[in-house]
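There are 2 protein chains.
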Amino acid sequence: MSNKNEAVLTQEQQVKVNEQVEALMRGVVEVVPEEAFRKKIEKSVLTGKPLNIKLGMDPSAPDVHIGHTVVLQKLRQFQEFGHHIQLLIGDFTGKIGDPTGKSETRKVLTDEQVKLNAQTYVEQYGKVLDMDKTEILYNSHWLGELKFEDVLKLAGQMTVARMLEREDFNKRYKTGQPISVHEFFYPLMQGYDSVAMDTDIEVGGTDQTFNLLMGRQLQDAYGKEKQAMLTLPLIEGLDGVRKMSKSLNNYIGIDESPNEMFGKSMSIPDELMMKYYKLATDIPMEELEMLEQGLAAGTVHPRDAKMKLGYKFVEMYHGVAQADEAKAYFETVFQKRSLPDDMPVVKWSGDSDVSLIDLLVELNMQATKGEARRMIQGGGVKINEVKQEDIKAVVTIEDGMILQVGKRKFTKLTI
Amino acid sequence: MSNKNEAVLTQEQQVKVNEQVEALMRGVVEVVPEEAFRKKIEKSVLTGKPLNIKLGMDPSAPDVHIGHTVVLQKLRQFQEFGHHIQLLIGDFTGKIGDPTGKSETRKVLTDEQVKLNAQTYVEQYGKVLDMDKTEILYNSHWLGELKFEDVLKLAGQMTVARMLEREDFNKRYKTGQPISVHEFFYPLMQGYDSVAMDTDIEVGGTDQTFNLLMGRQLQDAYGKEKQAMLTLPLIEGLDGVRKMSKSLNNYIGIDESPNEMFGKSMSIPDELMMKYYKLATDIPMEELEMLEQGLAAGTVHPRDAKMKLGYKFVEMYHGVAQADEAKAYFETVFQKRSLPDDMPVVKWSGDSDVSLIDLLVELNMQATKGEARRMIQGGGVKINEVKQEDIKAVVTIEDGMILQVGKRKFTKLTI
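Protein sequences, first through last, are from chains H and X. Quick note on numbering: UniProt numbering labels position 289 of the first sequence as 289, and the sequence is numbered without any gaps. Quick note on numbering: UniProt numbering labels position 226 of the second sequence as 226, and the sequence is numbered without any gaps.
Hints listed in this document are in silico derivations from the structure and should not be mistaken for laboratory results. Treat each hint with caution, since some may be false.
Unchecked claim - Quick list of simulated restraints, FRET-style, between CB atoms:
| hint | chain 1 | residue 1 | chain 2 | residue 2 | range |
| --- | --- | --- | --- | --- | --- |
| 1 | H | P50 | X | Q119 | 56 to 66 Å |
| 2 | H | D198 | X | D220 | 35 to 45 Å |
| 3 | X | D220 | H | M25 | 23 to 33 Å |
| 4 | X | D220 | H | N170 | 23 to 33 Å |
Unchecked claim - Straight-line C-alpha distance at most 16 Å; calculated EDC-like pairs for lysine to aspartate or glutamate:
| hint | chain 1 | residue 1 | chain 2 | residue 2 |
| --- | --- | --- | --- | --- |
| 5 | H | K308 | H | E292 |
| 6 | X | K174 | H | E165 |
| 7 | X | K147 | H | E145 |
| 8 | X | K147 | H | D132 |
| 9 | X | K147 | H | E165 |
C-beta: ideal position from N, C-alpha, C; glycine also.
Looking at chain H on its own, in the form it has when it is part of the complex (with noise of 0.2 Å):
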């Protein structure tokens, strides 16, 4: 007779779990703990139930990169196996804003803001997940709910000591930079929402790791079973050096143009590209390995290399026909250092110093000024290849500058 506690599997069940858990665990840095993961892969196959996979997002506009796909691939492997997502929108502390009132910065955010980021994110996610098996969750609804007799039980799992073992608390507090009460309970809300979710596997970058073990003793302190936690490397931004994000400017967004998502892929450092291969593309591990191979034998020239992930990059995100013309116009405009040839010219008679803005009014490249306002603030416009992105720039006009808006209109100007 077997124990009744242990799952019983079936040798097609036990396949199955094999092939969720080798493929679930490629690429991942940590999982805590194995044991525990495996056992709710084969109690999900034993009883055909799909398990709960959160994914924790700030609710501040999103603007989705290559970095936060290394974590979206793999909630796509989740979904393939027929688990079910749950996207998290932490909007409590998005609601509340800042509760000092000391940063004017973090400001507080309506419901209708929350609800639009949140569409942005469902706008990008749905790139790579699919969104209708989709579960979106605002922890507002239940975090909004507590009284302040729940948020001291809630702080009475933690210590202040084990607290302060989390990175960058220490850092702050051994430098003397100040720690604020209440930030200690962005972890702790972290944590509580996956007592809220029920969520069996919660998945996160390395640097979530502190927030992902909370989840772990909260569930455990509220009666509920521990989730296991999955950790995925950090991809460096495209300085090669640091973390990729938005306000370092070294990402490249899902959402950006198919000419600007190649461009950029060029100028991923040589060293990393096999890391943006591995952790930011579907390949096949074996293809990649060939192409790590080719590379280190010479026989693959790396900016090769590099222009294929720039295409699948397009590819992925965009389709097949607009990473033909990604390529193409890469390869015209900037590989042969080209400029296109029926170019106008205009001999500039203005002022030396002038708005960008009426620059581009002037040069008729822009309808109106908010027109060209706009266009600056999407990125679209460019000074000798130079993106411009101050609506307040003053531009020194020069012999032979070239102006750009878009992809295809093009200016130079003589003085």
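Position chain X against the provided structure of chain H, taking the given hints into account.
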């Protein structure tokens, strides 16, 4: 023309202000900040509006002792100057017990128990304060209403580093003893009470300094006028070393019988006597100075000075007649080391080891075992002038042993 923000006091009012400030600062360790304290008194004298004077208390069943009266005497002074006393019962923490569920000793108090304990406070404090003019507040009224959002705002007013400066937290953190995150809320709650109560001046022992400062900081953060704080010395207990407290059994309770109170006063260490006089009685300073000089010069015997102190305590908490009686009793029973003449003598023929309860019943000093037990628990049983408090005590009978029950019942044993 005078600045309209500045109080313009008549000479008569100025005299009143000086009188209050001088009297209220007597015996005080620290007033923070002194300038604000005076300004508040000035404003009160000018407008005729009383100040809100707060004292916080924990909600467990109180047994008020002479140590507490140091603060109560100060409150009485405020009351005599017409100010408004706010007794704050910290029932919120009592009602939630230990939020972590780890400590069994911190039981949850029901509304009824809280009210009952508050009533006990009223009765005992009523011996010092005019309770008709004293407001009793319960912090569950406002703290129980706070939501997570409000709690985060509260927590955001304090940094972790500042919190860890608090003496007890600091010690525990440094020695590796765990501090639960929720514990940070106890001082925050105490401070928030001052916000909710519009407290002008908070009074407390020197061990409350951190918490009283919290009130100032939080009032400021919530846009209220900051309270001044006034700390009073802690009185050492009868052991002469540690703070007077019930748990250390080194206290004189103000609810104790006149004889007990008088007797305990006689055990105050000589070197602490003047401190008790100054802090716990309302005897005018000039009189105390004379007494102190007499003691120093040897013209007053310490025993006589102590008897006067014991007499004063009994007078304060029981009345003059009781003070006279207690003094007479002490002189008869203790000081002259003589025992009553009419003491019955019983020849003991029972076991040589006998339970104290059985012994009392056997000797007809108590009618039933239940009565005997209650008398022991009430501290009314002595053997050879030593109080017996263990209801399970087993007595080894000795020749000449003297048993005493209550004030007047004696039995001498022979074997």
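>> Under the constraints set out in the numbered hints, which ones does this structure not fulfil?
In response: 3, 8, 9
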